[in-house]
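Taken in sequence, the protein lines are chains E and H. Numbering-wise (the working numbering), the first sequence opens with residue 29 and increments by one. Numbering-wise (the working numbering), the second sequence opens with residue 29 and increments by one.
Wrong hints could be hidden among the right ones.
As the list claims (entries may be wrong) - Examples of chain E residues toward chain H, derived with CB under 7 angstroms: (1) L103; (2) E105; (3) R165.
As the list claims (entries may be wrong) - Calculated from the model, a selection of chain H residues having no Cβ within reach of chain E, i.e. all distances over 12 angstroms: (4) T70; (5) L77; (6) P98; (7) L179; (8) M197; (9) E212.
Calculated directly from the structure, the hints in this document are not laboratory data. For glycine and all other residues, C-beta sits at the position ideal for the given N, C-alpha and C.
Below, each chain spelled out in residue letters.
Number of protein chains: 2
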Amino acid sequence: MERKRADIIADQLEGLIFDGTFADGERLDEVQLAKRFSVSRTPVREALLRLTQSGLVEQLPRRGVFVRQPGPVELIEMFEVMAELEAICARLAASRITDDALRDLHETNARCNAAVEAQDSDGHFRENERFHAILYRQSGNSFLQQECLRLHHRLQPFRRVQLRLRGRMKQSMAEHKAIEVALEDGDGETAASVMRAHVAVQGEKFHHLMASLKPAAE
Amino acid sequence: MERKRADIIADQLEGLIFDGTFADGERLDEVQLAKRFSVSRTPVREALLRLTQSGLVEQLPRRGVFVRQPGPVELIEMFEVMAELEAICARLAASRITDDALRDLHETNARCNAAVEAQDSDGHFRENERFHAILYRQSGNSFLQQECLRLHHRLQPFRRVQLRLRGRMKQSMAEHKAIEVALEDGDGETAASVMRAHVAVQGEKFHHLMASLKPAAE
DNA sequence: GTCAATATTATTGTATACAAAAGAAACCAT
DNA sequence: ATGGTTTCTTTTGTATACAATAATATTGAC
Numbered sequence: 029m030e031r032k033r034a035d036i037i038a039d040q041l042e043g044l045i046f047d048g049t050f051a052d053g054e055r056l057d058e059v060q061l062a063k064r065f066s067v068s069r070t071p072v073r074e075a076l077l078r079l080t081q082s083g084l085v086e087q088l089p090r091r092g093v094f095v096r097q098p099g100p101v102e103l104i105e106m107f108e109v110m111a112e113l114e115a116i117c118a119r120l121a122a123s124r125i126t127d128d129a130l131r132d133l134h135e136t137n138a139r140c141n142a143a144v145e146a147q148d149s150d151g152h153f154r155e156n157e158r159f160h161a162i163l164y165r166q167s168g169n170s171f172l173q174q175e176c177l178r179l180h181h182r183l184q185p186f187r188r189v190q191l192r193l194r195g196r197m198k199q200s201m202a203e204h205k206a207i208e209v210a211l212e213d214g215d216g217e218t219a220a221s222v223m224r225a226h227v228a229v230q231g232e233k234f235h236h237l238m239a240s241l242k243p244a245a246e
Numbered sequence: 029m030e031r032k033r034a035d036i037i038a039d040q041l042e043g044l045i046f047d048g049t050f051a052d053g054e055r056l057d058e059v060q061l062a063k064r065f066s067v068s069r070t071p072v073r074e075a076l077l078r079l080t081q082s083g084l085v086e087q088l089p090r091r092g093v094f095v096r097q098p099g100p101v102e103l104i105e106m107f108e109v110m111a112e113l114e115a116i117c118a119r120l121a122a123s124r125i126t127d128d129a130l131r132d133l134h135e136t137n138a139r140c141n142a143a144v145e146a147q148d149s150d151g152h153f154r155e156n157e158r159f160h161a162i163l164y165r166q167s168g169n170s171f172l173q174q175e176c177l178r179l180h181h182r183l184q185p186f187r188r189v190q191l192r193l194r195g196r197m198k199q200s201m202a203e204h205k206a207i208e209v210a211l212e213d214g215d216g217e218t219a220a221s222v223m224r225a226h227v228a229v230q231g232e233k234f235h236h237l238m239a240s241l242k243p244a245a246e
């Protein structure tokens with residue numbers, strides 16, 4: 029159950045930004061949003077403040093808040109950090125993961141594979157999320173886990189795109205398997221380097237995809 | 029120049045939490061703060077919302093906001109993440125750092141050493157900050173840089189303590205030197221591992237210090 | 001006709017007023 | 001006296017009113 033209206037509005041606004049209803053650079057008018065959600069400006073302002081902290085919008089003093097989608101460079105940077113963070117999780121998890129979690133990881137990968145075979149995109153997405161979430165948790169560092177979840181969530185809209193590329197899903201699953209094996213062996217360095225590449229390639233694929241769509245950019 | 033009153037208040041409140049004026053678990057009353065800063069509740073609430081996002085306070089719905097200092101476990105976790113993040117910066121910087129920045133780093137270390145010799149605690153602190161800031165920047169990833177600055181800032185009140193330990197400053201300087209050399213050699217892995225230990229030890233020292241002060245804890 | 005200065009409008013930032021919910025206190029019953 | 005219930009108070013969350021500033025439009029001068 030959600031807490032206050034402001035939080036609900038923040039989540040809804042986030043969704044509207046993620047799905048492109050509010051385009052990059054667009055100004056978010058407080059009174060319009062207030063009318064849209066049938067509330068006063070106060071909870072809308074709180075929601076916008078939260079989005080500002082999340083980095084989804086930018087707030088120019090006395091001018092308003094504007095949607096701020098990361099550009100190509102920033103996106104590559106964010107994926108690079110995500111890759112490093114997940115590599116850390118993998119390395120730490122190699123020595124800290126529980127047997128239960130290892131089993132869970134194995135089963136999750138199995139379900140993920142099955143979803144790929146069945147062309148079940150949503151299923152694959154769900155199990156893929158679970159795979160990564162398990163590793164965040166098994167880093168044994170809940171602060172690291174929180175940071176990973178935060179950045180993961182922020183990159184989510186960009187993450188789905190690259191998975192549609194031909195052959196990417198199967199390669200991705202092979203990487204998952206390699207990470208699983210490395211963790212079973214307690215080989216932190218291997219787990220880290222495979223994971224780093226696994227995540228970093230997502231950013232690169234996305235970048236290439238963008239570049240092919242907008243050849244004139246930059 | 030600061031933007032709105034709410035931001036100024038947020039910064040001031042942060043300082044008051046850092047210096048212990050507001051103790052852990054203490055409730056921050058909106059009307060009291062409003063009177064203290066001679067404003068209405070509105071900017072106070074905005075400031076508190078910002079601190080909530082930063083993690084300095086916790087907001088229980090319909091109950092109020094409470095100062096939330098990290099406990100021993102969380103602090104160790106945060107230092108572990110900081111160590112890993114800085115290790116990443118060092119590794120990336122090894123291949124990306126500019127000659128100018130290398131010179132700057134060298135001079136900063138020299139000034140830092142001089143400050144240690146002169147027992148200039150503030151000077152050492154300042155140059156030490158600069159050393160780390162240079163590496164954040166030379167990671168060549170401004171998103172990573174921002175994340176490092178954020179966590180660094182959050183850990184600042186706990187960082188100063190361990191430096192007062194006997195012999196720690198000299199050892200710290202030796203580590204700085206080792207990192208500098210590794211960067212000159214373009215040896216990313218060495219730079220990363222030295223940096224990781226350099227930062228991680230801060231958390232451990234702090235932990236030991238706390239444990240020695242409160243032997244009954246946990 | 002164009003540029004600039006001023007007036008008008010619109011929008012953000014802050015203050016206050018109101019509503020709802022949680023906590024405290026008083027009252028009653030056993 | 002103690003436990004529970006109910007009222008009252010305190011405090012958060014929301015709505016509205018006001019103030020200040022930036023954007024826009026209008027008007028006047030050249």
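To see whether the hints hold, each was checked on the structure:
no., hint, in the structure
1, L103, "violated (9 angstroms)"
2, E105, "holds (4 angstroms)"
3, R165, "violated (13 angstroms)"
4, T70, "violated (8 angstroms)"
5, L77, "violated (6 angstroms)"
6, P98, "violated (8 angstroms)"
7, L179, "violated (8 angstroms)"
8, M197, "holds (27 angstroms)"
9, E212, "holds (23 angstroms)"
Violated hints, listed in ascending order, are 1, 3, 4, 5, 6, 7; each of the other numbered hints is respected by the structure.
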